[in-house]
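Visitor: The primary structure of each chain is shown beneath.
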Amino acid sequence: MELTKIIGLINGRVVSGDIKGKYIEKGFCSDLMSDVLTIDTDTILLITGMANMQTVRTAEMADIHAIILVRNKKATPEMIALASESGIVIVETPFSAYKTCGVLYLEGLKPVY
Amino acid sequence: MVKLRYEIEGGNFDLAGGASSQVKKVLKQLNIDPVLIKKIVVAMYEGEVNIVAHAYKGQIEVQIFPDRVEMKLTDEGPGIPDVEAAMKEGFSTASQRVREMGFGAGMGLPNMKKNTDELRIETEVGKGTTLIMTKYLAYE
Ligand SMILES: Nc1ncnc2c1ncn2[C@@H]1O[C@H](COP(=O)(O)OP(=O)(O)OP(=O)(O)O)[C@@H](O)[C@H]1O
Ligand SMILES: [Mg+2]
Chain A
1 MELTKIIGLI NGRVVSGDIK GKYIEKGFCS DLMSDVLTID TDTILLITGM
51 ANMQTVRTAE MADIHAIILV RNKKATPEMI ALASESGIVI VETPFSAYKT
101 CGVLYLEGLK PVY
Chain B
1 MVKLRYEIEG GNFDLAGGAS SQVKKVLKQL NIDPVLIKKI VVAMYEGEVN
51 IVAHAYKGQI EVQIFPDRVE MKLTDEGPGI PDVEAAMKEG FSTASQRVRE
101 MGFGAGMGLP NMKKNTDELR IETEVGKGTT LIMTKYLAYE
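Protein chains in written order, with the working numbering: chain A, 1 to 113; chain B, 1 to 140.
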């Protein structure tokens, strides 16, 4: 699914990165970073309520190019700086994790498992 | 051969991952297969976070050979009383603070084993832990 479409569906606000032309195959939702780090699939969308530096570090290590922060969790300036450096997109949404996943799943974004 | 060395500060979650990030950049410059890079840096990052989460301070030494990458993570910390238990998925003694940072699921060590070819743990209770991981570059 086009990242631009994903952002539209969840009333998202892009706070870091370039969304143009980015395509996402699968979604994964977790607040546990060591859980996220067990995933082998690339080009996944990380949906999380965990907004700290390690969220961005985890994405960097796991080759995840887009993070959705749910329930209006705000990315800190340090997170935005680190994400920009690694070309990672951060999007904030007012939706809960449940609603974000529900909406994207219905629209056809595939799960990892 | 390339040799890299980093000092890791225990308890500082803002800096955790900085060393792994540097290593990732170097591996990329060396044109190593991205699939292998991901496995190497995920394993190293889990180890780096373990030092931050569970120990007082540590060092990470990375040696990049033509056929393999060796990572040696040494820390001064509480050590691991039961390594076999610690290697099990779900085993964690992480503090509340560590859990609030998104860690403490007890998946780090099993994930390091999964992502590398060799994992050796030497540990002494009350002194610290040394973890040696090797990833071969030629296979897979
Ligand atoms: N460097 C270390 N020093 C002391 N104890 C450690 C160290 N590394 C791991 N341990 C012990 O082994 C346990 C399991 O480690 P593991 O990395 O698998 O899980 P975790 O760090 O608790 O959680 P996660 O990695 O999922 O965030 C830890 O909870 C801790 O008790
Ligand atoms: Mg761990």
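FYI, nobody ran anything at the bench for these hints, they're computed from the structure. Be a bit skeptical, because a hint or two may be false.
Calculated lysine-lysine pairs in the BS3-like style (CA-CA distance at most 27 Å, straight line) [what the hints assert, rightly or not]:
| hint | chain 1 | residue 1 | chain 2 | residue 2 |
| --- | --- | --- | --- | --- |
| 1 | B | Lys-127 | A | Lys-20 |
| 2 | A | Lys-5 | A | Lys-74 |
| 3 | B | Lys-28 | A | Lys-22 |
| 4 | A | Lys-5 | A | Lys-110 |
| 5 | A | Lys-110 | B | Lys-25 |
| 6 | A | Lys-26 | B | Lys-72 |
| 7 | B | Lys-113 | A | Lys-26 |
| 8 | B | Lys-114 | B | Lys-72 |
| 9 | B | Lys-88 | B | Lys-72 |
| 10 | B | Lys-72 | B | Lys-3 |
| 11 | A | Lys-74 | A | Lys-99 |
| 12 | B | Lys-25 | A | Lys-20 |
| 13 | B | Lys-3 | A | Lys-22 |
| 14 | B | Lys-25 | A | Lys-26 |
| 15 | B | Lys-127 | B | Lys-57 |
| 16 | A | Lys-5 | A | Lys-73 |
| 17 | B | Lys-127 | A | Lys-26 |
| 18 | A | Lys-20 | B | Lys-38 |
| 19 | A | Lys-110 | B | Lys-114 |
| 20 | B | Lys-38 | B | Lys-25 |
| 21 | A | Lys-26 | B | Lys-57 |
| 22 | A | Lys-26 | A | Lys-99 |
| 23 | A | Lys-22 | B | Lys-38 |
| 24 | B | Lys-28 | B | Lys-38 |
Visitor: Going straight from one Cα to the other, do Lys-72/B and Lys-3/B come out at no more than 27 Å?
Guide: holds (11 Å)
Visitor: Would the pair Lys-127/B and Lys-26/A pass a check requiring their Cα atoms to be no farther apart than 27 Å?
Guide: violated (43 Å)
Visitor: Given the hinted pair Lys-25/B and Lys-20/A, is their alpha-carbon gap at most 27 Å?
Guide: holds (24 Å)
Visitor: Is the Cα-Cα distance between Lys-127/B and Lys-20/A 27 Å or less?
Guide: violated (51 Å)
Visitor: Lys-110/A and Lys-25/B were given as a pair; does the straight-line alpha-carbon distance stay at or below 27 Å?
Guide: violated (30 Å)
Visitor: Verify the proposed pairing of Lys-74/A with Lys-99/A, using a straight-line Cα cut of 27 Å.
Guide: holds (18 Å)
Visitor: Could you grab the alpha-carbon distance between Lys-20/A and Lys-38/B and see if it respects the 27 Å cut-off?
Guide: Measuring from Cα to Cα gives roughly 24 Å; hence the hint holds.
Visitor: CA of Lys-110/A to CA of Lys-114/B, is that 27 Å or under?
Guide: Given that 27 Å is the threshold and the Cα spacing comes to 25 Å, the pair holds.
Visitor: Just to be careful, I want the Cα atoms of Lys-25/B and Lys-26/A compared with a cutoff of 27 Å; is the pair within it?
Guide: It holds: about 26 Å lies between the C-alpha atoms, which stays within 27 Å.
Visitor: Is Lys-22/A close enough to Lys-38/B, meaning Cα to Cα at most 27 Å?
Guide: holds (20 Å)
Visitor: Is it true that the CA of Lys-28/B sits at most 27 Å from the CA of Lys-22/A?
Guide: Holds. Lys-28/B to Lys-22/A sits at ~21 Å (cutoff 27 Å).
Visitor: Check the hint pairing Lys-127/B with Lys-57/B against an upper bound of 27 Å on the C-alpha distance.
Guide: holds (11 Å)
In this structure, the hints that do not hold are numbers 1, 5, 6, 13, 17, 21, in rising order.
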